[in-house]
Each structure stands twice: as structure tokens, then as C-alpha cells.
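J.: Residue numbers (full-length UniProt numbering), protein chains in the order written: chain A, 1 to 151; chain B, 1 to 151; chain C, 1 to 409; chain D, 1 to 409.
One thing to keep in mind: the hints can contain errors.
Only part of the chain C face toward chain A is listed, based on derived beta-carbon distances under 10 Å [said to hold, decoys possible]:
id : residue
1  : GLN16
2  : ASN20
3  : PRO23
4  : THR259
5  : HIS346
6  : VAL353
7  : VAL363
8  : GLY364
9  : PHE375
10 : VAL377
11 : ALA379
12 : GLN403
If you are wondering where the hints come from, they were derived from the structure by calculation, not from laboratory data.
All values reported here derive from a predicted model rather than from experimental measurement.
Glycine is no exception: its CB is placed at the ideal position from the N, C-alpha and C atoms.
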Amino acid sequence: MMLDALYQEIILDHYKHPHGRGLRDPYDGEAHHVNPTCGDEITVRVPSDFSDISYDGLGCSISQASASVMHELLIGKSAGEIAGIHEAFVELMQGRGQVEPDEDVLGDAIAFAGVSKFPARVKCALLPWMAFKDAAARAGVDVGASPEVKA
Amino acid sequence: MMLDALYQEIILDHYKHPHGRGLRDPYDGEAHHVNPTCGDEITVRVPSDFSDISYDGLGCSISQASASVMHELLIGKSAGEIAGIHEAFVELMQGRGQVEPDEDVLGDAIAFAGVSKFPARVKCALLPWMAFKDAAARAGVDVGASPEVKA
Amino acid sequence: MTFDVARIRADFPILQREINGHPLVYLDSANTSQKPRQVLEAMRLHNERHNGNVSRSVHTLGTEATTAYEEARAKVAAFINAGTPDEIVFTKNSTEALNLVAHSAGQYLALKPGDEIVISEMEHHSNIVPWQLLCERTGATLRWFGITDDGRLDESSLAELINERTRLVSLVHMSNTLGTINDLSRIVARSREVGALVTLDCSQSVPHLPVDVRGLGVDFIAFTGHKMLGPTGIGVLWGRFELLAKMPPFLGGGSMIETVTMAGTTYAAPPARFEAGTPPIAEAIGLGAAVDYLNELGMAEVHQHEQDITAYALKALADVPGVRIFGPATPEGRGGTVSFAVDGVHPHDVGQVLDALGVEVRVGHHCAKPTCVRFGVPAMTRASFYLYTTTDEIDALARGLDQVRKVFG
Amino acid sequence: MTFDVARIRADFPILQREINGHPLVYLDSANTSQKPRQVLEAMRLHNERHNGNVSRSVHTLGTEATTAYEEARAKVAAFINAGTPDEIVFTKNSTEALNLVAHSAGQYLALKPGDEIVISEMEHHSNIVPWQLLCERTGATLRWFGITDDGRLDESSLAELINERTRLVSLVHMSNTLGTINDLSRIVARSREVGALVTLDCSQSVPHLPVDVRGLGVDFIAFTGHKMLGPTGIGVLWGRFELLAKMPPFLGGGSMIETVTMAGTTYAAPPARFEAGTPPIAEAIGLGAAVDYLNELGMAEVHQHEQDITAYALKALADVPGVRIFGPATPEGRGGTVSFAVDGVHPHDVGQVLDALGVEVRVGHHCAKPTCVRFGVPAMTRASFYLYTTTDEIDALARGLDQVRKVFG
Ligand SMILES: Cc1ncc(COP(=O)(O)O)c(C=O)c1O
Ligand SMILES: Cc1ncc(COP(=O)(O)O)c(C=O)c1O
Numbered sequence: 001m002m003l004d005a006l007y008q009e010i011i012l013d014h015y016k017h018p019h020g021r022g023l024r025d026p027y028d029g030e031a032h033h034v035n036p037t038c039g040d041e042i043t044v045r046v047p048s049d050f051s052d053i054s055y056d057g058l059g060c061s062i063s064q065a066s067a068s069v070m071h072e073l074l075i076g077k078s079a080g081e082i083a084g085i086h087e088a089f090v091e092l093m094q095g096r097g098q099v100e101p102d103e104d105v106l107g108d109a110i111a112f113a114g115v116s117k118f119p120a121r122v123k124c125a126l127l128p129w130m131a132f133k134d135a136a137a138r139a140g141v142d143v144g145a146s147p148e149v150k151a
Numbered sequence: 001m002m003l004d005a006l007y008q009e010i011i012l013d014h015y016k017h018p019h020g021r022g023l024r025d026p027y028d029g030e031a032h033h034v035n036p037t038c039g040d041e042i043t044v045r046v047p048s049d050f051s052d053i054s055y056d057g058l059g060c061s062i063s064q065a066s067a068s069v070m071h072e073l074l075i076g077k078s079a080g081e082i083a084g085i086h087e088a089f090v091e092l093m094q095g096r097g098q099v100e101p102d103e104d105v106l107g108d109a110i111a112f113a114g115v116s117k118f119p120a121r122v123k124c125a126l127l128p129w130m131a132f133k134d135a136a137a138r139a140g141v142d143v144g145a146s147p148e149v150k151a
Numbered sequence: 001m002t003f004d005v006a007r008i009r010a011d012f013p014i015l016q017r018e019i020n021g022h023p024l025v026y027l028d029s030a031n032t033s034q035k036p037r038q039v040l041e042a043m044r045l046h047n048e049r050h051n052g053n054v055s056r057s058v059h060t061l062g063t064e065a066t067t068a069y070e071e072a073r074a075k076v077a078a079f080i081n082a083g084t085p086d087e088i089v090f091t092k093n094s095t096e097a098l099n100l101v102a103h104s105a106g107q108y109l110a111l112k113p114g115d116e117i118v119i120s121e122m123e124h125h126s127n128i129v130p131w132q133l134l135c136e137r138t139g140a141t142l143r144w145f146g147i148t149d150d151g152r153l154d155e156s157s158l159a160e161l162i163n164e165r166t167r168l169v170s171l172v173h174m175s176n177t178l179g180t181i182n183d184l185s186r187i188v189a190r191s192r193e194v195g196a197l198v199t200l201d202c203s204q205s206v207p208h209l210p211v212d213v214r215g216l217g218v219d220f221i222a223f224t225g226h227k228m229l230g231p232t233g234i235g236v237l238w239g240r241f242e243l244l245a246k247m248p249p250f251l252g253g254g255s256m257i258e259t260v261t262m263a264g265t266t267y268a269a270p271p272a273r274f275e276a277g278t279p280p281i282a283e284a285i286g287l288g289a290a291v292d293y294l295n296e297l298g299m300a301e302v303h304q305h306e307q308d309i310t311a312y313a314l315k316a317l318a319d320v321p322g323v324r325i326f327g328p329a330t331p332e333g334r335g336g337t338v339s340f341a342v343d344g345v346h347p348h349d350v351g352q353v354l355d356a357l358g359v360e361v362r363v364g365h366h367c368a369k370p371t372c373v374r375f376g377v378p379a380m381t382r383a384s385f386y387l388y389t390t391t392d393e394i395d396a397l398a399r400g401l402d403q404v405r406k407v408f409g
Numbered sequence: 001m002t003f004d005v006a007r008i009r010a011d012f013p014i015l016q017r018e019i020n021g022h023p024l025v026y027l028d029s030a031n032t033s034q035k036p037r038q039v040l041e042a043m044r045l046h047n048e049r050h051n052g053n054v055s056r057s058v059h060t061l062g063t064e065a066t067t068a069y070e071e072a073r074a075k076v077a078a079f080i081n082a083g084t085p086d087e088i089v090f091t092k093n094s095t096e097a098l099n100l101v102a103h104s105a106g107q108y109l110a111l112k113p114g115d116e117i118v119i120s121e122m123e124h125h126s127n128i129v130p131w132q133l134l135c136e137r138t139g140a141t142l143r144w145f146g147i148t149d150d151g152r153l154d155e156s157s158l159a160e161l162i163n164e165r166t167r168l169v170s171l172v173h174m175s176n177t178l179g180t181i182n183d184l185s186r187i188v189a190r191s192r193e194v195g196a197l198v199t200l201d202c203s204q205s206v207p208h209l210p211v212d213v214r215g216l217g218v219d220f221i222a223f224t225g226h227k228m229l230g231p232t233g234i235g236v237l238w239g240r241f242e243l244l245a246k247m248p249p250f251l252g253g254g255s256m257i258e259t260v261t262m263a264g265t266t267y268a269a270p271p272a273r274f275e276a277g278t279p280p281i282a283e284a285i286g287l288g289a290a291v292d293y294l295n296e297l298g299m300a301e302v303h304q305h306e307q308d309i310t311a312y313a314l315k316a317l318a319d320v321p322g323v324r325i326f327g328p329a330t331p332e333g334r335g336g337t338v339s340f341a342v343d344g345v346h347p348h349d350v351g352q353v354l355d356a357l358g359v360e361v362r363v364g365h366h367c368a369k370p371t372c373v374r375f376g377v378p379a380m381t382r383a384s385f386y387l388y389t390t391t392d393e394i395d396a397l398a399r400g401l402d403q404v405r406k407v408f409g
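Looking at chain A on its own, in the form it has when it is part of the complex:
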């Protein structure tokens, strides 16, 4: 069944048991993003050293799991490392199933490779990552150029 490509076990696990969920103090930057087509929302908070990445929101399995995976993957990393991972994830999502993900860089996030074949769901997966980038910028840390995300 083609759904399996989308709803990988790892994704469903993160969805049912999200890591690091909830908004916490202290933080230096916060961003609230909305997916205008479906109404999903997320708020992400980060201190400038990324010693925590906290978030809360309403959304589908893909956006919620993506936030959980992102939390795990980016927490405590340097801005430079984060920029690399962020870029790799965005590239994977925009690859329409043609990009081979690198597990060393993306960890659990490679499970999202299948999402890139569902144009309508790419935005779901990217929602937390875009909010994170904005939150980081507001905390005064640049984690790379903003890619173009088409609605």
C-alpha cells in the first residue's frame, strides 16, 4: 500500500510519542507559524545556544512528528551544524522523491523521504522547521538562507 511510504513506523512513533513537546523557558526567540491552507499551527521557542528547542501546536501526524524529530536532531547543536541539517531536510522535502537522504546527517528525519512524494504534505513536514528558523533568527542566530516554500 502506497501509504506506507508516507506513514513510516518512525513517523507514527514520533506522532504518538512526541519528544520535547511543550513550551519552556528560558528562550531568546519564539515564532508562531500557520499553514494557511489547513489551519495547522506551531509555536517554536529557542534559547540562542539551542540548549533547548521547545514547541507546541496543532497539526497532523506529519507536522507533529516532524517537530518531534527536529527537536531530537537539532537540540544542543551549533548554528553551523544546524544550518547543514536544516538545509539537507529542506532539500529532501523539495526533492519530489528524487533525493537520497543521508542518514548520518538526518537521522530519524530520513523517514520523511516518502513525504516528498506528496506535494500537499511537504508543507506539513516543513512547518516546524520554518518556525524554528524564524525563532532562531529572533534569538539572533542565522541558520542559513530561507528556502522558498511554495504554498
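Put chains B, C and D with the ligands on the given structure of chain A with help from the hints.
T.: Relative to the frame of chain A, chains B, C and D with the ligands by itself:
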């Protein structure tokens, strides 16, 4: 040639040698009408006893000939007679070639029967008649209900 | 005549399609309907044989196109029992029609601070945002009816909400999320009492039930071609002629003028006044063909078929564990649009699993965020029906929902 | 590749038609163009296989429709060398695009009495009336360039006409009556100097010549699908992204929002911000196919073909006694649109006789009354050409004009 139905000899005659053209005094009502699609214009003046019907304007052979025929046909008639002729002419024009004109009522205007087969030209033929009706109304004389004329 | 759904379905080429290896089960007609070959054929014929610009040419092609375009207007007028075809303004969609009223009627009424406009929480964004923008432009105040727990307009404060300050009331005839068909007689009567103009958003009603504008007693209605078997790119504003005749234009340009000089312009009578530029000609002709198709079946029959399907669907969904329906739970006073939640599963995920089974439903806020907020959810899953919907398709939906619960169990 | 008109004509079903017993000679492409089967086929395929609403659904049909719609946007963007597809706003026609600029840019600039807007006497009503209405709303003053005797923009008072008070300049790129192609470099430079925004009405240029928005150095351009082999019901506004991003919305409704509450709304980024409601989906896809068709031939080649035809036509018309041409008398700096007068015969009558011979030309004021007034006539007869026009058709026109003189001799 199908053009013959439209450009009857009578029509071309009235076009080349218009009767009663020019704006004259005295008059009690005046109306200026425009055909918004082609830009044709006509001004009609009448005294309340219809002892004169004077007009001037810019327009194609059909609208100019129609004004000339109208002048001849309606001048000096009573409001009641005019209402009947006016109604017969409008009916003929809107008949899409299906209405048999009555020469006793319409005189030279029966030559316009062919015009009714050309929807784009019906407005041309009616332009002076509509302006006349307005001018008459402004002179205080009702010559019948205003028919619906579609653009 | 019995309503022969199989014969109807044969007219819709897309219904032969497979989606992800399953026969297409199209349950998203409230979003956009499918189009019968009669409509596509009418447009093809126009484009291949009669294409010309309208109202501008004396040549044969232009005359043919103009005649066909005006015939479409007359068909649409008759379909909603308008007084004359001149009451029909072609727009690009419902949204433009509603914006046209907000601009032109708003200007005609010379709205100012202290004036009030009344809408409801049940509206589509297209019947909210134009009024918010109008209030911003004029300083008027926006007020609204709430929704009762069972998804009906809450008229409890009618007398206060519609008062001497109310200038305009704009309400949805049938909700695109809850399926509610609003009985607007009391609100219209009260609006008349205070002298307010009334607009109805009939985007969901005109496609599905007999609508008689003279019977409704309102001033304007808006609807849209693509939801009623017609093409995209065409919508309709109906307005009372005396009112249209008094309103200033909205868009300016070709074909809406009487005469133009650099110093100033005078405007044509309605409907031309409100149709600036080359209109959606082939699209109007397609809409005319859609109206013919609906007339052939009979709108009362179409509505009855959808009532039957809705009754069947409400039962089928009630039988799926964990499904909660938003809006009226019985077919009375509602149309064939059913929104629901599946416990613990986000609508996006519901829609995705159903799509994998060929079942096309809409998920999200359905351009009706305030309605979602009213029911405490960010999004809903919605199945919506039309004249081609079968009980088998409802069964496929129910089976699909079992699968949803399996994947996210 | 040589420009193979016979092969091209085979793509246009309507060109097989007869009119009043004569082969159709369609010389009214500036009014609306004919459509090749490739365009009609793309739309048919969409409607029969992929129809769904855009940007709203996760289901397969909705995703396919959205992808096709956005691909069309990307094609249009590339066609005019836009920076990104997000600079392309789909409207219903040129007229809506120009009204959009008048409303949204007008509001963004917060126009007030003392501010000036500059247009020209050569404009189509669609590039006059929106600015007149904007001036009425804001108290700004409308000013305009005149036309020289040989039909070119009169730039003699450029420095005075465009001054520190000028906020907006909107000019036609190619005149729909005179055929003049305006070289706008001096006017654009002067507008930049004084900080005015520049809009070009490219309704007649984008269909007929290579247009590069970055090369033009302007802020907005408008054009329309039905004049460039595409369907009715679709137009385009191109705008510089930074500018679009700062402008308030025009129409309000579904799909142009970020979030909506009853108390207030925030708006999506461009282009969505300016596309309220269900857009003309199939029509955008048809326009994309039209762009493919034009690209296949090459716009430089299309333009060259029309230059050749125009040169031929100018000569042929000069040979008909009593014919007077309005606008440039040679093909330099003009496109394939030729307006003329026949001595002593009203354009309506010219057009009627030509139509009897199957020759379809437009007569009237061509939605450019001020241009007609400038040349002292209430109406003109216009022959306009496109990639499918042949020299035989020009000969048929010339023969037709002889017949006109016979009937009205
Ligand atoms: C120069 C020009 N501008 C604007 C328009 C308006 O285009 P549309 O009627 O498609 O809005 C036209 C054609 O009608 C035109 O020729
Ligand atoms: C109730 C209602 N109003 C307005 C609209 C807007 O229609 P359109 O998008 O065709 O403008 C819709 C559908 O999208 C609707 O369901």
C-alpha cells in the same frame, strides 16, 4: 447576396438623401442618445404637437436612414398614431426576421425588415426611435411604454 | 421519471478514473463539482466554431458569440426566477460577486462610522473578508450571528443584532461546512423592517436546490459556476434591477461605459456596468449548458436525491466508532455536505488515508475558520455529495474510515 | 525553421469555417485571438481527468490540479522573464489586473489631492477608467500624454507631465487601435527619477512580441489570455515581488488569507494575497498551453511574421482608393493592427459588407474613444493580424474594400 436584405434600395436612398436632417427651433423636448458599443450618436428635437421632428447625429447607414424614415413617417401625426407606429417598428426590429411588416402602418420603414436578421444592427435602426421617444417624453407627450432594448 | 444515477454518471468522463488503483469516489463537490460532457462539449463547440469577442463586433463570429453569451444570461436568470436577464451580472466567481456588492452597494449606501453590517460565524471567508475590508474603508462596524450547538444560525438576539443602524446583512444560504440550509424568512423580514439590504451567499444552495430569488425576497445573491457542473472562471451576481441601476460601477474598463473622455466617463446600464473587460465568454456558455443539464433533471429531484444520500450517509457515519458530526444530525434543513471529526486522528491524516483508497474528501478549515473555531477544532474532514453520488460511494467512505482507524489505531 | 503558416493554421479548428459562404478570413485577433487545438486539448484533458479545486485539498485530484495550476504560473513567469512565479497573479482579464493595481497600489501609495497619475490619450478604456475612479476616490489628478499626428506618444512635455507630484504612470505598450509600439525608455527613466511607479498595459504586446519585464524596468504589467491563443476568463498581473509584498489585498475571500477571525484577518503572501476565491483553474492551464505553443514557434519569429504581414497590408490598403490609415504608415515601431477609414462610408457599413464576404474586422471605437476623438472620428475599421494570418487574407480584405465602395459608391 445576403447583403441585399440589409441594404435595401430604400435604405440607401434615405441614407444618401436624408429627409428633415438638422436641428431646428422651436421644440419642446430634446434627447441625445448614444450607442455605447459603436459610438454612434443622435440628437432628436420635437415640439409637443410633432409639427416637426428634427435630428442630427453621426452614424451608419442604418441609423441615419432610420432617422430619415422616422422623420417622414411620424411628422405631424397624433400621439396616438405615433405610439402605434413606434410600437410596430420596435416589434419588427425585435422579430429576428419573423415578423411580417404592415406597409399601411410602416410605409418606407418596412425596408428595415431585413435589419432584424442582423442582431448587431437592430440597435442602429432603433437608436433614433429611442431618442425620439425620450424627446417626446421631455416635451410632455407619452408615445407608449418603453420597450426593452438589449445592448 | 426516476432519478437514474447510473445514467447520470455516464455523462461525467472523470468518474471513469481510478485513483491509486481504486475507482474514484468523488466526495468533494462542495469544493468543486465535476462537469458533464454536455458542458464540456458546449464549450468546445463554441471555441472551435463560434469564438469571437462579445458586444463589440458586427461580424458573424462576434454576433454568434454575443448571442450565445446573452442566451446563457437568460438561462441563468430563468434558473433562479430573476425578473429579467439584466439582473444577472457575470463575475469570475462567487467571491468577486460578493466583493462587487461590498464595493458598489457599500459606496451607494455611503457607509460611515456608526453604521452596521451583519454577517454570521457560519460564513465562508468570501462572505467575511469583503465586509471586514468594507468596514475598514468606511468605519462601519461588523457584527455577526453565532451558531447553535446543533449547527444552526442562532437567532436569539435577532431583534438587537439587526437594528436601525444596520445597513447591510449578508448571510450564507447553505453552509459549506455544516450543511445547514438557513431559513432566512425572519431575518429578511427584520432587515426589511429596519431598511437594511440583504445579500445571500448561495454558492452552496443554487447548485443543489431550487432557488427562487423573488421568493427569497432579498436584494442580492452570489453563486459560482464550478460548483454547479459549470466551468471554473465564472460566477454570478444577481441583484434587483432598480438597485443595480442606482449603484456605481466596481471595476472600470472596456464594455462597461456609455461614453469615455479623458476628463470623465459615464456608465452603461446594468448588467454591462458591472462587467468590465472581456468577460468569461466560453465559461458563461458552459454555465448555460450546466443550467440546461440541471433543468433537464429538475432541481427538486436533484435535491431529493441528495437528501436521500445524506440520510444514508448520516446513518453510515453514525455507525463508525469515534466519528463526530458537526452540524445538523438529521437530513431536515440540511444539504448533502457532512463535516466530521475522527477521534484522535487529524483531518489531514484522515484525508490522506481515504485518498489512498480513491475516496476524495476535503480536509482543513474549508475557508470557514470561524466555524471551526466555534466547534473547537482547527480543521474538519468533509464529505460532500451531488447528483452523481451513490450509496456505494458512501459505503466506500465508511470502509475507508475503518482503515483510518486501523492506521492510527 | 521557416515560419510555416499553413501548418500553424491546421492547428486552429475554427479556420476551417465558412462565413456567409466564404472561407473565414479572421482579421480581428486584437479583439480576441483564435485558439489552437493544443490549448483546447489541455483544457479538455484537465476537465475530464484532473479536475479538482486548488490549494485546498490533500487528495489526488486536488494535488494534480494544484500542480498544473502552479506549472502554468511558472510557464507564464518564464515567458515574460519574471524573477519568480510568485510575481504572477492570475486575474480574470487585463481589465481586472489594471483595476487591481489601481486599488492596491493606489491604497499602498496613500494617494491624496495634489498627487498626479499620468496616462495617455492612446489608452484602452481599461487603462483609463480605473484611474479616473482612483482619482475620484482619492482626489488625485489625472493627466495624460497626447498623440502625434502620425500616431505616436507625444513626449514633448515629458519633463513637465511627469514631475515630483507624479505617483503612478500607466501606459499602453502597444496601441490596440493605432498599432503603435511605444518605446517607453525615456518615460520609464523619467518616472524613476521622480519616484513614480510605472504600469504597462501589455494586452497587445505580450501576445505578439518578446516581452521581458526585467528589461522593461517597470513595476507592473497587465495582459490577457484570450488575446494570446488562450481561453477567455484568464488574465495576468505581473508585479515586482517586493512591491506586491507591501500592497494591501484587493478582493477578499477564500485562499488569500493567512488566518481569519470574525474580528480580523491577516493575509497570505503574494500571489495568493491577490487571488481571492476559486481561480480560473482550467483557464490558467489553457494559458500555460498557449505559452507552450508560442514558445515552440518563438516570439521573435511570431513578431517577424506579423511585421511581414503588416508591411504587406499597409501597401495593400494604400492601394485602395479612399482609404486613410490611422497611426504609423510603415511597419517600423508598430505591430499588426491597422485601423483605417473608408471615405464616406461608416465603419459599421464597412464591417457589414466585409462580413458578407467572410472577412471579419472590428468596427467601432475599439474601447479607445479618446483615440478616435483625437483623430476626429467616432469610429474606425480595424484589421488585426496574428501568427495564422496570410497574405491571401490581406488580399481578401482589399477585395472586400472594393466591394464596400461599390455598395456605397
Ligand atoms: C490595449 C488593451 N488594453 C486592455 C484590454 C482589455 O483586455 P480584457 O478585455 O481582456 O480585459 C484590451 C483588449 O480588450 C486592449 O487591447
Ligand atoms: C459558501 C461559499 N461561499 C463562497 C464560496 C466561494 O466560491 P468561489 O471560490 O467560487 O468564489 C464558496 C466556495 O468556495 C462557498 O462554499
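J.: Determine for every hint whether it applies to the structure shown.
T.: Results of checking the hints against the structure:
1. Interface hint at GLN16(C): violated, since its Cβ lies 21 Å from the closest Cβ of chain A, which is beyond the 10 Å cut-off.
2. A cut of 10 Å between beta carbons decides the hint on ASN20(C): the least distance to chain A is about 6 Å, and the hint holds.
3. Residue-level restraint check for PRO23(C) is violated (minimum Cβ-Cβ distance to chain A is 16 Å; threshold 10 Å).
4. For THR259(C), the suggested interface contact is broken, since its CB lies about 43 Å from the closest CB of chain A, more than 10 Å.
5. Taking 10 Å as the C-beta contact cut-off toward chain A, the hint placing HIS346(C) at the interface holds, the least distance being around 4 Å.
6. Annotation: interface hint on VAL353(C) holds; nearest CB of chain A at approximately 6 Å, less than 10 Å.
7. The restraint placing VAL363(C) at the interface with chain A holds, with a minimum CB-CB distance near 7 Å, inside the 10 Å limit.
8. Contact between GLY364(C) and chain A, as hinted, is supported at the beta carbon level, the nearest pair being about 4 Å apart and thus within 10 Å.
9. A distance limit of 10 Å between C-beta atoms decides the matter here; for PHE375(C) the minimum to chain A is near 13 Å, and the interface restraint is violated.
10. The beta carbon of VAL377(C) is positioned within 10 Å of a beta carbon in chain A (closest approach about 9 Å), and the interface hint is therefore held.
11. The restraint placing ALA379(C) at the interface with chain A holds, with a minimum CB-CB distance near 5 Å, inside the 10 Å limit.
12. Annotation: GLN403(C) was flagged as interfacial toward chain A, and the flag holds, the nearest CB pair being 9 Å apart, inside 10 Å.
In this structure, the hints that do not hold are numbers 1, 3, 4, 9, in rising order.
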